[in-house]
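Residue numbers (this note's numbering), protein chains in the order written: chain A, 1 to 152; chain B, 1 to 224.
Keep in mind the hints are simulated off the structure, nothing from the lab.
The beta carbon of each residue, even a glycine, is placed where N, CA and C say it ideally should be.
Don't take each hint at face value.
To be verified - Computed far set for chain A versus chain B, every beta-carbon distance over 10 angstroms: (1) 21; (2) 22; (3) 25; (4) 35; (5) 40; (6) 44; (7) 46; (8) 47; (9) 49; (10) 68; (11) 69; (12) 82; (13) 84; (14) 117.
Said to hold, decoys possible - Per the computed footprint, the stretches of chain B lying under chain A, defined by three or more beta-carbons under 8 angstroms from a beta-carbon of chain A, are: (15) 65-76; (16) 109-118; (17) 200-207.
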Amino acid sequence: MTAPKNTPVTLSRFAQLLDAYGSDAARWPESEREAALELLQRDAKARALHEQAGSLDVLLASAPTMNEVPAALRARILEIPVRHAREINATAHRSRGRFFGLRLSLFALVPCVLGFVSGTLFSDVSTDNDDDTWNEIAAVAMPTDVLDEELP
Amino acid sequence: MLVSSYIAPARATLGPALSGIELPYPSGTRVTDPTSDDLACVQSVGRGDARAYRRLVDRYLLGITRFAARILNDAGEAEEVAQETFLRLWTEAAGFEPRAQPKTWLYRIARNQCIDRLRKRRTRGGAALPLDEGAADASSGEDRPSLLFARKQTALRVEQALDALPERQRAAITLVHYEGLSGAEACEVLEISLEALESLLTRGRRGLREQLSELQSFRAGEGS
Numbered sequence: 001m002t003a004p005k006n007t008p009v010t011l012s013r014f015a016q017l018l019d020a021y022g023s024d025a026a027r028w029p030e031s032e033r034e035a036a037l038e039l040l041q042r043d044a045k046a047r048a049l050h051e052q053a054g055s056l057d058v059l060l061a062s063a064p065t066m067n068e069v070p071a072a073l074r075a076r077i078l079e080i081p082v083r084h085a086r087e088i089n090a091t092a093h094r095s096r097g098r099f100f101g102l103r104l105s106l107f108a109l110v111p112c113v114l115g116f117v118s119g120t121l122f123s124d125v126s127t128d129n130d131d132d133t134w135n136e137i138a139a140v141a142m143p144t145d146v147l148d149e150e151l152p
Numbered sequence: 001m002l003v004s005s006y007i008a009p010a011r012a013t014l015g016p017a018l019s020g021i022e023l024p025y026p027s028g029t030r031v032t033d034p035t036s037d038d039l040a041c042v043q044s045v046g047r048g049d050a051r052a053y054r055r056l057v058d059r060y061l062l063g064i065t066r067f068a069a070r071i072l073n074d075a076g077e078a079e080e081v082a083q084e085t086f087l088r089l090w091t092e093a094a095g096f097e098p099r100a101q102p103k104t105w106l107y108r109i110a111r112n113q114c115i116d117r118l119r120k121r122r123t124r125g126g127a128a129l130p131l132d133e134g135a136a137d138a139s140s141g142e143d144r145p146s147l148l149f150a151r152k153q154t155a156l157r158v159e160q161a162l163d164a165l166p167e168r169q170r171a172a173i174t175l176v177h178y179e180g181l182s183g184a185e186a187c188e189v190l191e192i193s194l195e196a197l198e199s200l201l202t203r204g205r206r207g208l209r210e211q212l213s214e215l216q217s218f219r220a221g222e223g224s
């Protein structure tokens, strides 16, 4: 209900204002405040309604209320920027650490993979005829005359 | 409205009479209205300015905590809501769009958290809220125990009546009656129209009047 500035206020609207906002004129919508106060001055019925609304306001004002913030809470809240910056740094540090570990693992893995691939591709060792293989190796490694000598 | 426009002529007129009074702003300080100053502060917070953050904390922490305490009726949870609200101020200020006022934005964050918490704890009972009973006691100056006791009882009864209201009515009454928000500001917090706000306030006050009818007659008797 966005009334234009200085909207005329009828007694019925005045009653609605009191029902909603109570007797304190500071709470009434600014656009209707002036007209409502004028009505209050000149109309006895409006004054009676106002007084009635006022009695509830007096009761509401007696409700317990918090008048100051606990010091520990204020301190915790003022610490938020510092704590938040610290958390961001810690997160960045953790993620740097994680990436460092990943890089290190890759670095170690690459030679293994290369070794495995090259071993698979270029290996020519046969295990079928072990005796022949050993004889060939022995023939290469030892002089011919040694091979011809009979063992005692 | 510039505060200095009131202060400067007052200093000139009153001269030495003001010399012993410490004003909240140094003379010549240009202080704009709270809304635009809030906006400037939020923008500064978005750039990581901790001093602007502190100003907003000083300005709104009490109201936000009190509002959450009234809605949740639990001091511990109200403090958590306040912390979360200001954490979000710090982390989300850079993305704040000035369609709403910073003040109503903060209250809305707090209110949404209160709603979440109320949903979660439907089955749990809340701890009692240690509130000052200043309003009941401070004005008295009278030390008749029976009168003090009656006032404390009245305060307790009013608190119970407020707690018994549905959340939306309680939020509307708390914002307008206790936190001093204008109708337009309360509408922004609750994300409703002015008609809807007036309806909530009217129903809330009617409910309170019914619950407190015996107290109203008591106070009428006390006054006579």
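The hints, checked one at a time:
Residue 21 of chain A, annotated as away from the interface, has a beta carbon of chain B within 10 angstroms; the closest lies near 7 angstroms. The Cβ of residue 22 of chain A does not lie farther than 10 angstroms from every Cβ of chain B; its closest approach is about 7 angstroms, which violates its non-interface assignment. Every beta carbon of chain B lies more than 10 angstroms from that of residue 25 of chain A, the smallest distance being close to 13 angstroms; the non-interface claim holds. The beta carbon of residue 35 of chain A sits about 16 angstroms from the closest Cβ of chain B, which is more than 10 angstroms, so the claim that it is off the interface holds.
Residue placement check: residue 40 of chain A keeps its beta carbon more than 10 angstroms from all beta carbons of chain B (closest about 18 angstroms). Interface exclusion of residue 44 of chain A from chain B stands, the closest Cβ pair being 19 angstroms apart, more than 10 angstroms. No beta-carbon of chain B comes within 10 angstroms of the beta-carbon of residue 46 of chain A; the shortest separation is about 17 angstroms. Interface exclusion of residue 47 of chain A from chain B stands, the closest Cβ pair being 17 angstroms apart, more than 10 angstroms.
Residue placement check: residue 49 of chain A keeps its beta carbon more than 10 angstroms from all beta carbons of chain B (closest about 13 angstroms). The claim that residue 68 of chain A is not at the interface with chain B is violated, since a C-beta of that chain comes within 10 angstroms of its own (minimum 7 angstroms). The beta carbon of residue 69 of chain A is not kept farther than 10 angstroms from every beta carbon of chain B, the shortest such distance being approximately 5 angstroms. The claim that residue 82 of chain A is not at the interface with chain B is violated, since a C-beta of that chain comes within 10 angstroms of its own (minimum 8 angstroms).
The beta carbon of residue 84 of chain A sits about 6 angstroms from the closest Cβ of chain B, which is not more than 10 angstroms, so the claim that it is off the interface is violated. Every C-beta of chain B lies more than 10 angstroms from that of residue 117 of chain A, the closest at about 49 angstroms, which supports listing it as non-interface. Given a C-beta distance limit of less than 8 angstroms, the hint that chain A covers the segment 65-76 of chain B holds, as 3 residues qualify and 3 suffice. With 0 residues having a Cβ less than 8 angstroms from any Cβ of chain A, the segment 109-118 of chain B misses the three-residue criterion, and the hint is violated.
Counting residues of the segment 200-207 of chain B whose CB falls under 8 angstroms from any CB of chain A gives 4; the rule of at least 3 is met.
Of the hints listed earlier, those the structure fails to meet are numbers 1, 2, 10, 11, 12, 13 and 16, in rising order.
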